[in-house]
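Undergrad: Chain by chain, the residues run as shown.
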Amino acid sequence: MSHRQSSRRQFIGHASALGVVALISARPARATPAAMKTAINDVVKGAPVRAGRVKLDIPPLVENGNTVPLTVSVDSPMTAEQHVVSIHIFNEKNPQPNVGNFYLGPRAGRAQVATRMRLADTQTITAIAKLSDGSFWSATTDVIVTLAACTEEAY
Amino acid sequence: MAALINVPATAKRGDVIEIKTLMSHIMETGFRHTVTGAAIPRDIITDFSCRYNGVEVFRAELFPAFSANPFITFFTVATESGVFEFRWSGDNGFYEAVTANIVVT
Chain A
0 MSHRQSSRRQ
10 FIGHASALGV
20 VALISARPAR
30 ATPAAMKTAI
40 NDVVKGAPVR
50 AGRVKLDIPP
60 LVENGNTVPL
70 TVSVDSPMTA
80 EQHVVSIHIF
90 NEKNPQPNVG
100 NFYLGPRAGR
110 AQVATRMRLA
120 DTQTITAIAK
130 LSDGSFWSAT
140 TDVIVTLAAC
150 TEEAY
Chain B
0 MAALINVPAT
10 AKRGDVIEIK
20 TLMSHIMETG
30 FRHTVTGAAI
40 PRDIITDFSC
50 RYNGVEVFRA
60 ELFPAFSANP
70 FITFFTVATE
80 SGVFEFRWSG
90 DNGFYEAVTA
100 NIVVT
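Just so you know, the sequences run in chain order A and B. Using numbering that gives the first Met the number 0, the letters of the first sequence map in sequence onto residues 0 to 154. Using numbering that gives the first Met the number 0, the letters of the second sequence map in sequence onto residues 0 to 104.
Rather than coming from a laboratory, the hints here were simulated on the basis of the structure. We put the beta carbon where it would ideally sit given N, CA and C, even for glycine. There could be a bad hint or two in this list.
Interface residues of chain B toward chain A, partial, derived using beta-carbon atoms under 7 angstroms [said to hold, decoys possible]: (1) Arg58; (2) Thr75; (3) Gly81; (4) Phe93.
Given the sequences, and given the hints that come with them, work out the whole structure.
TA: Shown next as structure tokens:
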């Protein structure tokens, strides 16, 4: 009898342990707006980020999340005294909050970068530019994605 | 691996020129699974840089959110005739370097 009870306890113990594991593994592997905030703070390190001076061009509606064209331009004279040091792109619903970091300098002549990114879901994209005077400027754009990236299975 | 580079062959001194680069690469995110449920390991380009006569004028850090065959365009000021060197490096020891010449008048 006592043997049966202990095995039942063992069973309950195992079951609850399994439940915890199931809960952890059931958490979706995607960045959250909070994760994006953390990633942004890793770049700006607590400095204030003001909206403006940055222009983020993305089509508002994209059919294929695997290749979403984007262009970031920053209003800057790009001189030795005043130029863009870096441009950082963030998303809030991909598995990771970072998209890319671009390092420029006065020799760029024009503070503009274009690339193609993957988007796992309809979400808000944030671009942050660091200027040579140490200030941070940002722009955000909403993108609707009809076919998400990252979800398909490979063979 | 194939790279596509678009650098103007000639430019006037002081011109702002656009440079377009594309490197063929799968950019496997590491977040996908096979039909049997096995995780596919990450395989991406993590770094890209452009040197103009040996001086770095542009650099990028890439994340899995970059599309396959990463395409990057940027600008630089044509200062002197010489060579652009483009470098891509990433997971599993991936490394490619391509050069392009420019004549500045």
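Undergrad: Please name the hints from earlier in the document that this structure breaks, with their numbers sorted from lowest to highest.
TA: 3 and 4
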